[in-house]
Amino acid sequence: MERVSDFLESFFSEPSIRTASGSFANNLQKQMETMGPRTTRKNSSQHIFVNKDLENCSHMFQRIDRIKKQLESPYEGPFPVIERKDKYLTINIKAKNVNVSFDRLKPTYILAEDNPKTTTTDHNKVQILDNKPDLTQKQFRTGRTICLPVRSKD
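The numbering used here numbers the first residue of the sequence shown as 13 and each following residue consecutively.
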């Protein structure tokens, strides 16, 4: 019991070491002056993907940088390229030349039309290819053909 009482007595008693309040404040002020601000990290080191096809495409899509409606495309266009610079392109939007940076552009891939309307045969005759579906077959809107039972074909 003596140990517990000694501990409590020493705990609640006045501290034996006293420092001048002015010296403590001066020491604290000196310590705070020697401390400098923490070094900051550069968080803006994001690498933006730039497509290699931006250098040679004739048309570009432009990203829409606003809140979009439901089911709205993230890009608008395609717009023809007027001029190329190091960090931006000049594209024609609604009859105006607009400078747009590379990070807002996406190249377009336009397919060449390979649908021949005429073909030649061995007899040097020209046949016209019809892409119209056969009118005797009925189809659903989805394109699936309707096969009626034999008793219903009359």
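Calculated from the structure, these hints are not laboratory results. Mixed in with the good hints there might be a few duds.
Claimed, not checked - Capping the alpha-carbon separation at 25 Å, the derived lysine-lysine pairs in PhoX-like fashion look like this:
no., residue 1, residue 2
1, K81, K99
2, K97, K118
3, K99, K118
4, K97, K81
Now for the hints, and whether the structure bears them out:
no.	hint	result
1	K81 with K99	violated (30 Å)
2	K97 with K118	holds (16 Å)
3	K99 with K118	holds (14 Å)
4	K97 with K81	violated (32 Å)
Going through the hint list in order, the structure does not satisfy hints 1 and 4.
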